[in-house]
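Residue numbers (the UniProt record's numbering), protein chains in the order written: chain A, 1 to 394; chain B, 1 to 394; chain C, 1 to 394; chain D, 1 to 394.
Hints are supplied without guarantee of correctness; some may be wrong.
Because identical chains share one entry, a pair is satisfied inside a single copy or across any pair of copies.
Claimed, not checked - Distance condition first, Cα-Cα at most 30 Å in a straight line; then the derived DSS-like pairs of lysine-lysine: (1) K238 - K56; (2) K242 - K225; (3) K106 - K53; (4) K161 - K53.
Because the hints were derived from the structure by calculation, they are not lab data.
There are 4 protein chains.
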Amino acid sequence: MNDSLAATAAPALFTLTTGPVNCYPEVLSAIGKPVLYDYDPSFLEHYQSVVLKLQKALGISTMPVILQGEPVLGLEAAAHGLVAPGDRVLNLVSGVYGAGYGEWLKPLAGAFHEIRVGYDQAIDPADVQAFLAAHLDTAVVAVCHHDTPSGTLNPIAEIGKIVQAHGALLIVDAVSSWAGMEIDIEGIGADLLITGPNKCLGCPPALSILTLSDRAWAKLEANPKAPRASILSILDWKTAWKASEGFPFTPSVAEINALDAGLDRYLSETPEAVWARHALTARAMRAGVKAMGLTLWATDEAIASPTCTAVRLPEGVDETLLRNRMKQDYGVVISSGRAETFNALVRIGHMGPTAYPLYAVLALTALGGAMGALTGKPLDIGAGVAAANRVIQG
Amino acid sequence: MNDSLAATAAPALFTLTTGPVNCYPEVLSAIGKPVLYDYDPSFLEHYQSVVLKLQKALGISTMPVILQGEPVLGLEAAAHGLVAPGDRVLNLVSGVYGAGYGEWLKPLAGAFHEIRVGYDQAIDPADVQAFLAAHLDTAVVAVCHHDTPSGTLNPIAEIGKIVQAHGALLIVDAVSSWAGMEIDIEGIGADLLITGPNKCLGCPPALSILTLSDRAWAKLEANPKAPRASILSILDWKTAWKASEGFPFTPSVAEINALDAGLDRYLSETPEAVWARHALTARAMRAGVKAMGLTLWATDEAIASPTCTAVRLPEGVDETLLRNRMKQDYGVVISSGRAETFNALVRIGHMGPTAYPLYAVLALTALGGAMGALTGKPLDIGAGVAAANRVIQG
Amino acid sequence: MNDSLAATAAPALFTLTTGPVNCYPEVLSAIGKPVLYDYDPSFLEHYQSVVLKLQKALGISTMPVILQGEPVLGLEAAAHGLVAPGDRVLNLVSGVYGAGYGEWLKPLAGAFHEIRVGYDQAIDPADVQAFLAAHLDTAVVAVCHHDTPSGTLNPIAEIGKIVQAHGALLIVDAVSSWAGMEIDIEGIGADLLITGPNKCLGCPPALSILTLSDRAWAKLEANPKAPRASILSILDWKTAWKASEGFPFTPSVAEINALDAGLDRYLSETPEAVWARHALTARAMRAGVKAMGLTLWATDEAIASPTCTAVRLPEGVDETLLRNRMKQDYGVVISSGRAETFNALVRIGHMGPTAYPLYAVLALTALGGAMGALTGKPLDIGAGVAAANRVIQG
Amino acid sequence: MNDSLAATAAPALFTLTTGPVNCYPEVLSAIGKPVLYDYDPSFLEHYQSVVLKLQKALGISTMPVILQGEPVLGLEAAAHGLVAPGDRVLNLVSGVYGAGYGEWLKPLAGAFHEIRVGYDQAIDPADVQAFLAAHLDTAVVAVCHHDTPSGTLNPIAEIGKIVQAHGALLIVDAVSSWAGMEIDIEGIGADLLITGPNKCLGCPPALSILTLSDRAWAKLEANPKAPRASILSILDWKTAWKASEGFPFTPSVAEINALDAGLDRYLSETPEAVWARHALTARAMRAGVKAMGLTLWATDEAIASPTCTAVRLPEGVDETLLRNRMKQDYGVVISSGRAETFNALVRIGHMGPTAYPLYAVLALTALGGAMGALTGKPLDIGAGVAAANRVIQG
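Looking at chain A on its own, in the form it has when it is part of the complex:
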């Protein structure tokens, strides 16, 4: 062990977390641009161009909305905006974030239901179908696409199709999946999808990105309880994208500059290429994890997210000691679990600038090396890296 090397107090050399992730160099250059007055006509034009670029990146026909706070703001705002008094609401729970969203939905709903599965599993669309058939007046369904504390995906395309056929409005939390994998937002019928620039787009955390269908806008406008003149209001920002309109309050200028650079990077690299390297990195990581004799958290590898690999902690391994050791000996910082998954798993993010397969090699070495050092039973790091490399060499 090397005391002199990397005290846990030093900044990470490699931030391989599920967010905040470090940023693309282009983004770090752009965020330091001079800060313009929000009503400077050139900033008004700039803001409009960023929203148009964002619309293109999202692949939607309506105008997206940027809220001035990290995605937790978008999620809270979505619940307050879309759930009207008396609404019957179905929340789908396959993890900590899905469960947490219920805490916001429940007090707003007239009737509140949940479908729950184990946190290492995914929602079964058939259960949604059955619920909706039994509750025809369901107004809103909420689903978390990638429940980050579990690293698992829900089948939003299938769920979306069912909800769309039924006529309820669908809220999708796609914070940590969007821009790391393909999401056909309108195709799956997402009425209000929340994401952010601070995961797979490689920007800092400070903004929410929301897409709304025409039905979602209509619901918001009709909802007397939808926040207005508030930080929680989506409605206030509906026309803010137009250079001819003002802002309800000052947008986060530097973060908008960062988002602009993140979008340029995403579009110029092409979304398809970005998704491909997220998928490749995750495949290399999972192959290595298994080859080292460790176990993925997801009971079915098919639901493991391309943007995050959750690894089940072996009996007796303390996650804090493990992550401290990884930082101290290797300079690598990864994410812990949250709530029910805390101390049950650790997570390696594959997001934006870290979605390159060599980062999987790096994570495998640090994970295996630190775990072996902690337990005194060395893991076969070599097997792990070799397996990852076979995926890389395809």
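Dock chains B, C and D against the given chain A, drawing on the hints supplied.
Just chains B, C and D, lined up with the frame of chain A:
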């Protein structure tokens, strides 16, 4: 006129607004630092050190709170947190922002009152005294220190003394005055003061800074309606400054790095020196405005803020044409009025990096030059600049 | 006077010098990009694209050369490369830089001649004509376009025509004029022109830019004394622009990134627009200088450079005291004279990011204010600024 | 293989070269600071403080000199300055750079000698001793400490002792070793040592750093051929470090700002800690190389530099194909050999920001993976990484 020179579409050369202001170079360098994971021990330590530095800059004995949105979030959160059901609330209105704050307070209050003066005047402390004597059960008083759309100050020291003696809690909006002039936060008895880094501290807009007295914390904790598990919650962030605690949600890492640099600059230059150059710049500006034959907005120059000079628009001068002309011919962007003061005045900010007296010269030239060009009646720019220079040369 | 305001030890608020100038914001963003290995294929491609962009900005048909040191390197290298043993060389001297160049040329030449005029005057093309007619074997003529320590221009178009007709090779020092005014490099017959990014292109000082005619290349290749395998070699870099070739030694990667951004800015704003604002700024400055009762250094205003205004120091005004006072009271830094012009004049640069007319106002105020404060005899700053403004309002 | 992943045309993800290396984040932040006028008193003070900091980092009692070009300038300047007409000069050659230096020394020397060993070996101090005993009038000895194209070290302490005892002046090229390992500059008797910020200090390439003993200064001053008034002059810069003196020409302001940040990083991390991680990284790398069945270039591992690992290319492996494949499949860029070592070896730098042991893992994977893919005979990457990890876990 020079078409080729500076189309209104080009970014401003000189952003002399009342916020967002451009940032200090130190801040623009710092905001592009690598973004760390919020639970990286080195970020936890960093966050704690920033809050401690902030406490020092604020000159208070309690720990300040950073909320993750520009000061409008802090203002909304303060109202929701400090006003409990049934509270009698007094709101002091000497401008657009004071009036706007009443819109948030009113629905939260049991009984709601306002003292109003003209938007070019300041609240008379005697009126506050009289009101409180007549309404002994008043629980909360709110005052805007610098009502930015008017460029005018309220006498918060005197008001604070009265409120403190009475026992009500005092909310102070010091967003655009703090760090540009001395505010003895605890001395004046501010229980919940809201400010931000995006004005006189020369940072970008994306964070709120709040100071709370022990009484304010007690009120929040006792208030069943105070937001919890919400972007609007102050309580959620009470212990977030401790490196040993977590965050309720991801802080805006890049903006924290920027704030850190802004605080370093403020403290190393010394607050006294910073306040002195704000005051000097404003004095130079006001001398020049008067020498050019224009009129200050404030009826009494003593209430004109050192952080902003509001100039009454002469009859027949359209503010949009004027500001466009200033940008086109001089590359200078200043602020318009808001609501009732829109098209009645224009405002030049003296905040942080623009609080140097030569910026007053620059603003005078652009203001006088553009107005003369628009009206066909040249102003005596020379007299304005000479008057400003006499102030500079003291 | 304000001690607390701006100690001379603090960095300048406004660097209005003749170089180094502060940089465009785009340049400061770009210089902090990750530093690539010079043989990384993506850097090789990048370098080629920068040289091609530079060729476009220069408006020439041959490939320019970048040397890895500020323009003094280019100037020294040009002398060593173009002057062969035995060459008859004519050096034209209208200022300190022209005279200094002779120090390099003289020991390299077979026969060395100079035409000299007062340092506030320009070379008369007729004198060049007469000299060449009398010395038919003259091989090289050297001229400084903008002799920066005097702020004066030589008529290079006329001189170039004469030299071209004669058949000698022409060296042109255009370090501080290029990119601030039109120079038809091939039209005037410049065989080896030296400039740099650190003046009117708004980049930092660290690179030389050279253009060579085919005749210049032929001379270099034939010259046995032309430096090879040396920092002073131009030949070493002849093919370095090609992505398929290597570099003789490591180029200054960060500075190349900065140059790239400076060129983007220049080309996107359009050279014509850039030249126009340099000219306008200089006209405003000169009008103000005269209106304040000061005297231009150039005996004939027609030879005053659009990139620099040299102001004759009144009797008894010490330039160091004056410039210190300007910095202390106004935060403005300007350039002193050099050698023979030291303490005889001061110079305000209009270069790149400072070539906007409001900077003239700022310089006039600081110059006039400081001089008045020093001498106890206030200058009419008002008249100066008003005159400048009349030019701005055109 | 992944076409979509990392075209060779994209910038490297991981620049693991022997220089230019990518920079520390602190350096990339600092290089974008506003560019000050070199004669701004605050820059003069800053320059002095940087040279004093540099002196501390170098651990010397004389004042170091910064030359304004990457270290090749310092090397050329040293030869021209220290070799006087008629001098007997001994050049020690154990690699391409040592041999190249002879090309500069030879034409300057009265008598010129070389001691040569194979490029995978080190100079034997006994041979130096023998030479000097046989040539008592030897005036100058030159040695390359780390001959980068071979990744090998010469025993400069032993050589220095011998040269010092003899009385000749010793030139040491420590460009790619200094700041990555301990060098007792005065202890070993280096009279003129050349290094730079662009290797182990983690700054961009654009400056040379020179240390001179009093004897070296005396020699320069006495040498009529030592360059003066030239980019090649060391003498011109002798007093430039003093804030009270001027500069012979404009220093590279942005690069000085970068150097300042690199020195801060080096001194605050402590040189000992920096050297330790360079050594650890190289040890991990060498262990992995051998475990994968590859061969180090150095015939004796004891002479392998801690700042670079040179790996012998197996028969039939083309270095260009190999390095392209490493970039394409892994995003990793390493250095090729030069001249005689080209296509005989490849080199992985361990310098500054890449001198952390996980970078060795990363390099091993990319090197082994690409070589296996190219040859069709997979290397045992697992064994390589495991061996590296055993070193890391020490």
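Hint check results:
1. Taking the closest pair of Cα atoms, K238 and K56 come within 30 Å of each other only inside a single copy of the chain (17 Å); across copies the shortest separation is 40 Å, beyond that limit.
2. In this assembly of identical chains, the alpha carbons of K242 and K225 lie at most 30 Å apart only when taken from the same copy (26 Å versus 36 Å across copies).
3. Neither within a single protomer nor between protomers do K106 and K53 lie at most 30 Å apart by alpha-carbon distance, with minima of 35 Å and 40 Å respectively.
4. With identical chains, the CA atoms of K161 and K53 are at most 30 Å apart within one copy only, with a shortest distance of 27 Å there and 52 Å across copies.
The earlier numbered hint that this structure contradicts is number 3, and it is the only one.
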